[in-house]
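Visitor: On the provided structure of chain A, position chain B as indicated by the hints.
So the chains spell out like this:
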Amino acid sequence: MEHKSQQRDLATSSPNLVLYSYWQSSCAWRVRFALNLKGLSYEYKAVNLAKGEQFSPEFERLNPLHFVPVLVDGDVVVSDSYAILLYLEEKYPQKALLPDDPQRRALNLQAASIISSSIQPLHMLSMLKYFEEKMGPDEALLWGQSCVEKGFLALERLLKDFAGRYATGEAVFMADVFLAPQIAVALMRFKIDMSKFPTLGRIYESCKGLPEFVGSLPQSQPDAEQ
Amino acid sequence: MATIEEPKNKLKLYSYWRSSCSCRVRIALNLKGLSYEYIPVNLVKGEQFNPEILKLNPLGYVPVLVDGDFVVSDSFAILMYLDEKYPQHPLLPRDLHKKAINYQAANIVSSSIQPLQNLAVLKFIEEKVSPDEKLPWVQYHIRNGFAALEKLLKDHAGRYATGDEIFLADLFLAAQLHPAIKRFNVDMTPFPLLSRLHEAYNELPAFQNGMPENQPDTPSSSTT
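Residue numbers (this note's numbering), protein chains in the order written: chain A, 612 to 837; chain B, -2 to 221.
Chain B with its partners taken away, still in its complex shape:
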């Protein structure tokens, strides 16, 4: 049985409201009932290159988790760390096959979708191809990834992505579905399973509290 573990020192999370990678971790912290200090890093203003941030995270990425002396960046590494250290509300099923489905779904998002919509890539497309190419580019890669996810999950989904409980795949999916729908206007008609999952995530406070519009650094004018 998973014991409830509490951190000795308050957790700190370096995050940007709109970063879907940060969103994954925010949801996990909520699910595990772990409170944390939210330290905003404005990526658009380049705050990730501030000396204080760079010292903690030389990569200049968000999210970064600080747990006492332990510093870890990269959402996947953070989630695995959290799951081992604070086993309440486990993020992975026991069954190895189902676990592998979760890993695959997470990686479809983290390798085949999200990297292609981050700021640096979009800026490059805008400058070297054209500003009009940005949205079709993002939509193309999201649709590609979503089509693969529909196929991967169709024999495994229940109420959630890989059954009737929330696991790792759901965190990655929720964080990706949100910008796909709200920011990039992807037509979800071809993706009935993902659409259903999106609705299911909307009902969960742990997910909603992790969404971009509900963060301390969300601009007051923004809903997405």
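The shape of chain A in the complex, shown without the other chains:
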């Protein structure tokens, strides 16, 4: 398995963080964004999903589901972006990604969950590939679009009375960490018309202005292909 490592010098160095990531994975993107927000440096280890590197025995030991991202922190291995976020939140509490207020806290957990359970798993590349084989690329694309639109409609309703500059107010939290990469994918891959989701669109514009978000972009990663 090819490793391209890169030390990222951000505000605070942390003991031993290693992130297994693929530049185009929106799930890995969430964690890259979160690590940047918390000022945590990490070693980037690329897993080329297009070449099937996720099926190597070494990677399977890290995550038997063969997904990125996987975070390794000393001898703790955490896979799944939602689990990683909650782990990071407790281990490295600087720049909290969950607000203290119970209502907003719950909103952040809900929004992230809608994305990680009800949207992304239904349109991830391996899923789309299956649908393409079974029903052709046009139907598969329509399916992806409908999953995203259904989820975005729910998120728009969930957040519209609470959003400010960001999803749940004036500060970036977990909802934004999940939302911004998802919107980017929605635009790139599914050509979603974001004018239907003005609250989400506004949140996305706010996130795009953050250096922590820019640093997490797929094209900024060591394994990005031109």
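Any given hint could turn out to be false.
Unchecked claim - Subject to a maximum C-alpha distance of 27 Å in a straight line, what follows is the list of computed DSS-like cross-link-like pairs (lysine-lysine):
#1 B:95 / B:82
#2 B:95 / A:745
#3 B:125 / A:740
If you're looking for bench data, these hints aren't it; they were derived computationally from the structure.
Guide: For chain B alone, kept in the frame of chain A given last:
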């Protein structure tokens, strides 16, 4: 020490008997000794789109928990809320590594298994591929997830998923094992740990009382 907290107003849970997401929350409420008003939402009949329900939960999902003025949907968010507000029978271990194992197991179920067996997806498979494809599809994703769970938990399990006490992972597992075995006939031979856990959950009243067959809206003809 966790104090016993009681709600000021009676809790309400919008639930569907067969919803495994609702099942997770029902078990948690039972474990914490919290009584609640069960408000059935018939997903098959589309009741989640009734104006009254939509007003509370614009997403049209179950479960939804109402605690006085506080409304929260999504099983994960509900469980985290319950655990913070009513700390008796904590759902998470103190040790951060064990906590992370619980989060991972919960998310394997909630992102990699359950969403692929919900009504909307199955309907799509039925219409666009074939009705015969539904069951193999569900079984494939369950087996995939179960294989991952066996590996994740094998060095951490005790009497239950992550040790000798019930935690978050057990709620997600119990709610998923039930339909896997009873509805989708998944062959559990490759999953000895999960099989053992399923048997252990069958012994616990808090779990059994949360199962689909024991709800107020369970159809009288149904056992699963």
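Visitor: Determine for every hint whether it applies to the structure shown.
Guide: Structure-based check of each hint:
Only pairs whose Cα atoms come within 27 Å are accepted, and residue 95 of chain B paired with residue 82 of chain B is accepted, the gap being roughly 21 Å. Simply put, residue 95 of chain B and residue 745 of chain A have alpha-carbon atoms about 40 Å apart, too far for the 27 Å limit, and the pair is violated. Proximity of residue 125 of chain B to residue 740 of chain A is assessed by CA-CA distance (about 15 Å); at most 27 Å being required, the pair is judged to hold.
In terms of the numbered hints stated before, the structure departs from hint 2 and from no other.
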